[in-house]
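*Asks:* Sequence:
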Amino acid sequence: RANFDKAYLHSATFIKCDLRDATFDHADLTTAKFIDTLLDGVKFNNAILNEVDFSNKMLKGIDFSGANLFRASFRGADLSKAIFRNAYLSEADLYMANLQEADLREANLMGANLSMAFLSNARLEGAITTNANFEGAHLSLKQKLKLWLPFSKE
282 RANFDKAYLH
292 SATFIKCDLR
302 DATFDHADLT
312 TAKFIDTLLD
322 GVKFNNAILN
332 EVDFSNKMLK
342 GIDFSGANLF
352 RASFRGADLS
362 KAIFRNAYLS
372 EADLYMANLQ
382 EADLREANLM
392 GANLSMAFLS
402 NARLEGAITT
412 NANFEGAHLS
422 LKQKLKLWLP
432 FSKE
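If you're matching positions, the sequence shown starts at 282 in this note's numbering and goes up one per residue.
Be aware that a few hints might be false.
Pair by pair, the computed Cβ-Cβ distance ranges are [as the list claims (entries may be wrong)]:
hint: 1; residue 1: 312; residue 2: 283; range: 17 to 23 Å
hint: 2; residue 1: 421; residue 2: 289; range: 26 to 32 Å
hint: 3; residue 1: 297; residue 2: 409; range: 14 to 20 Å
hint: 4; residue 1: 337; residue 2: 382; range: 18 to 24 Å
hint: 5; residue 1: 416; residue 2: 296; range: 30 to 36 Å
hint: 6; residue 1: 284; residue 2: 382; range: 24 to 30 Å
hint: 7; residue 1: 312; residue 2: 412; range: 21 to 27 Å
hint: 8; residue 1: 294; residue 2: 417; range: 32 to 38 Å
hint: 9; residue 1: 406; residue 2: 301; range: 26 to 32 Å
Below, computed lysine-lysine pairings styled on DSSO-like, alpha-carbon distance capped at 27 Å [stated by the list, open to error]:
hint: 10; residue 1: 297; residue 2: 338
hint: 11; residue 1: 324; residue 2: 287
hint: 12; residue 1: 324; residue 2: 362
hint: 13; residue 1: 341; residue 2: 314
hint: 14; residue 1: 297; residue 2: 324
hint: 15; residue 1: 338; residue 2: 362
hint: 16; residue 1: 338; residue 2: 287
hint: 17; residue 1: 297; residue 2: 314
hint: 18; residue 1: 362; residue 2: 287
hint: 19; residue 1: 338; residue 2: 324
hint: 20; residue 1: 338; residue 2: 314
hint: 21; residue 1: 297; residue 2: 362
hint: 22; residue 1: 324; residue 2: 314
hint: 23; residue 1: 297; residue 2: 341
hint: 24; residue 1: 297; residue 2: 287
hint: 25; residue 1: 341; residue 2: 362
hint: 26; residue 1: 324; residue 2: 341
hint: 27; residue 1: 287; residue 2: 314
hint: 28; residue 1: 287; residue 2: 341
hint: 29; residue 1: 362; residue 2: 314
Honestly, the hints are just simulated from the structure, not real lab data. Even glycine gets a Cβ: it sits at the ideal position worked out from N, Cα and C.
Produce the entire structure from the sequences given, and follow the hints as far as they go.
*Replies:* Printed below as a string of structure tokens:
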């Protein structure tokens, strides 16, 4: 299992790599590319992943806790059960992403595009959703009430 903790990998390109169970904690991967790369079980805790394109990737259960994902793209990605606790996803593109059972608690989703995303059973408590686009997103009624009535009491 590879350890890239605290590595400076700005603009790195990973092609046909087996990165299963690798750790990138506190690594700088700004604008990195992952092409035909296996990412099962990868941990990106507190990593810098600004403008990384994860579109259509299989990222089920990946841990992005505390990661900086400014303007990252997850269009059509499978992020079911992924962990984004305290992650910075400002202006991220999550169009049609599968976020079922994902943990987005305390995440900053300011200006993020979550249109047509699948968010059933996703945890959104404490998430910042200012100017986020949820048009056509698949949410439970309970999730909708929490997003649009933030001051309601349970």
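*Asks:* Give a verdict on every hint.
*Replies:* Verification of the supplied hints:
1. 312 to 283: 17 to 23 Å: 20 Å, holds
2. 421 to 289: 26 to 32 Å: 41 Å, violated
3. 297 to 409: 14 to 20 Å: At roughly 37 Å between Cβ atoms, residue 409 and residue 297 fall outside 14 to 20 Å, so the hint is violated.
4. 337 to 382: 18 to 24 Å: At 19 Å between Cβs, range holds.
5. 416 to 296: 30 to 36 Å: Holds, at about 35 Å.
6. 284 to 382: 24 to 30 Å: 28 Å, holds
7. 312 to 412: 21 to 27 Å: 24 Å, holds
8. 294 to 417: 32 to 38 Å: For residue 294 and residue 417 the Cβ distance comes to about 33 Å; the hint holds.
9. 406 to 301: 26 to 32 Å: Holds - the Cβ-Cβ distance for residue 406 and residue 301, about 30 Å, lies within 26 to 32 Å.
10. 297 to 338: 13 Å, holds
11. 324 to 287: 12 Å, holds
12. 324 to 362: With Cα atoms ~13 Å apart, residue 324 and residue 362 stay inside 27 Å; holds.
13. 341 to 314: Distance of about 18 Å is within 27 Å: holds.
14. 297 to 324: 18 Å, holds
15. 338 to 362: OK: residue 338 and residue 362 at ~14 Å, within 27 Å.
16. 338 to 287: 24 Å, holds
17. 297 to 314: 11 Å, holds
18. 362 to 287: 25 Å, holds
19. 338 to 324: 15 Å, holds
20. 338 to 314: Roughly 12 Å separates the two Cα atoms, so the pair holds.
21. 297 to 362: OK: residue 297 and residue 362 at ~24 Å, within 27 Å.
22. 324 to 314: 16 Å, holds
23. 297 to 341: 19 Å, holds
24. 297 to 287: Cα-Cα ~22 Å, so holds.
25. 341 to 362: Given that 27 Å is the threshold and the Cα spacing comes to 6 Å, the pair holds.
26. 324 to 341: Given that 27 Å is the threshold and the Cα spacing comes to 12 Å, the pair holds.
27. 287 to 314: This hinted pair holds, its Cα atoms lying about 18 Å apart.
28. 287 to 341: Roughly 23 Å between the alpha carbons, so the hint for residue 287 and residue 341 holds.
29. 362 to 314: 22 Å, holds
Figure legend: structure checked against the earlier numbered hints; hints not met, in rising order: 2, 3.
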